[in-house]
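*Asks:* Just so you know, the sequences run in chain order V and R. This note's numbering puts the first residue of the first sequence at 2, with every later residue one more than the last. This note's numbering puts the first residue of the second sequence at 622, with every later residue one more than the last.
Derived lysine-lysine pairs resembling DSS-like cross-links, with alpha carbons at most 30 Å apart:
1) R/640 x R/656
2) V/144 x R/697
3) V/161 x V/142
4) R/697 x R/640
5) R/640 x V/142
6) V/144 x R/656
7) R/697 x V/142
8) V/161 x V/144
9) V/49 x V/161
10) V/144 x R/640
11) R/697 x R/656
12) V/142 x R/656
13) R/640 x V/161
Worth flagging that the hints you see were computed from the coordinates, not collected in a lab. Nothing here was measured: the structure is a model prediction, and the numbers come from that model.
Residues per chain are reported as follows:
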Amino acid sequence: MIEVNGVSKAFSFPDVRRDTVREHVFGLFRPPQFRVLSVLDAVGFAVKAGETVGIMGRNGSGKSTLLKIIAGIYPPDRGTVRVHGALTPILELGVGWNPELDAIDNIYLIGCVMGLRLSEIRTGIDEILAFAELAPFANLKLKHYSSGMAARLAYSVAFKAVREVLILDEIFAVGDAGFTLRCEERFRQLSAAGHTILLVSHNPEIIATFCDRALLLEGGRILMDAPGNTVADRYLELLTEPAEIAPEPAA
Amino acid sequence: MTGHHLAGFAWTLVRTDFKTRYHGTLAGFFWALLKPLIMFGVLMGVFSYIFASTPNYRLDLIIGLFLWDFFGEGTKAGMTSLHAKGFLLTKARFPSWIVVLTSASNALMTLGAFILVIVTYLALDARLPGPAAIAMFLLYLVQYFLIVLGISLGSSVLFLRYRDLNQVWDVVTQAGFFIAPIIYPMAILPERVHFYLYVWPPTPVIQFSRAVLISGTVPTAKANLFLAAVTGIILATGVLVFRRYAPRAAEYL
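The following block holds chain V by itself, in its conformation from the complex (with noise of 0.2 Å):
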């Protein structure tokens, strides 16, 4: 369902960021300095139709980057990616909505990037704004929302939206204890019903309820690739170990 051939991805920043035609301008005759942040480093594997998999790692290991590419919102520097079906991300939630306006309208414009269609947010919408339990609320400016309240809108939204193929960036991290057992619930339900998932997590207990299989990265490569209770004591070990983060200058 999901293939990923030798990505890698890596990131240039400058010493000296110019982020304007001014300094563009003025810079003319300094040649800038790169630091080129290598990221992922010819990642490889494959999801199968109906599969759960983990992935695990530490901050900066290239988790989040890795889930971009899926998604196709980042392009890799080299490898490809190819999925088989429609794919729904749930990607930094909570952040990214337009908080002028109300709930019911950030859901339109959330609903259509995610792939809805217009009719099948217009009947849904009292389905997503329970879900969330913020039908009270659904006339409310997201700028007077609480984070939380925020957070549990967007997981609303794209469990509503969810066609074949789900990405999940740090699942159940939100909302109140309610909150997150209807959201395992409902994410058993997409398991059951056959659904691919690809699911990001700090939290080892997760990865080893749900996930079929996990991945391990460490800086920008695949450590381990195995069952998702191996994975999480692999990775509670890994967070005692020393990091090795080294940005390699450009040639």
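Fit chain R to the known structure of chain V by using the hints.
*Replies:* Positioned in the frame of chain V, the structure of chain R alone reads:
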């Protein structure tokens, strides 16, 4: 995304842009009309004395101002459109040109309201030009929109890398207001500089629109071809720049 889906998305973008800008009320929309109208009042008060001998100076001025307003507002919104909708770009993959395309909708609505008013005025004054002239006017507006779209497409991706591009553009448009013959009749300038003024895209659109609307004369074929060529060049350049930089847009947000 299918065409049907894309249309629904475009409509949602237009609707929410309108709501954000004017708080969802028609009264809010009148503020957008008020800006060029007040400019008209002030400029009229001063310049109609200077150009008292110019026939139709008022009509020339108001047509020029509203067409200019569309250019200024449209390109401004277009340049910052991807940045403003960055919260959507980092969420999922979708054709991001739709965001740029719909960014001109507010400016387009102001222009639409103005066209309604000016055509009604001309009709009441029994000076409405023939259908051929009206058709030409609409053709100029379509080309004008494509010019604004081309500039918006190119500048929207460049703005993500050069964050002071909007200030550079502010200076350009401020100078451009005087390069286009909006408050002065072009005839006061020597013939030899006319060509240079016509290179600035709003100039031919404003001049040709005045010609067809007020005197009902259609510009020469050569003049029309010139405008079509300018439109083509700007749109093609914008599309090329957009196609080159848009895939990595999310990395620059």
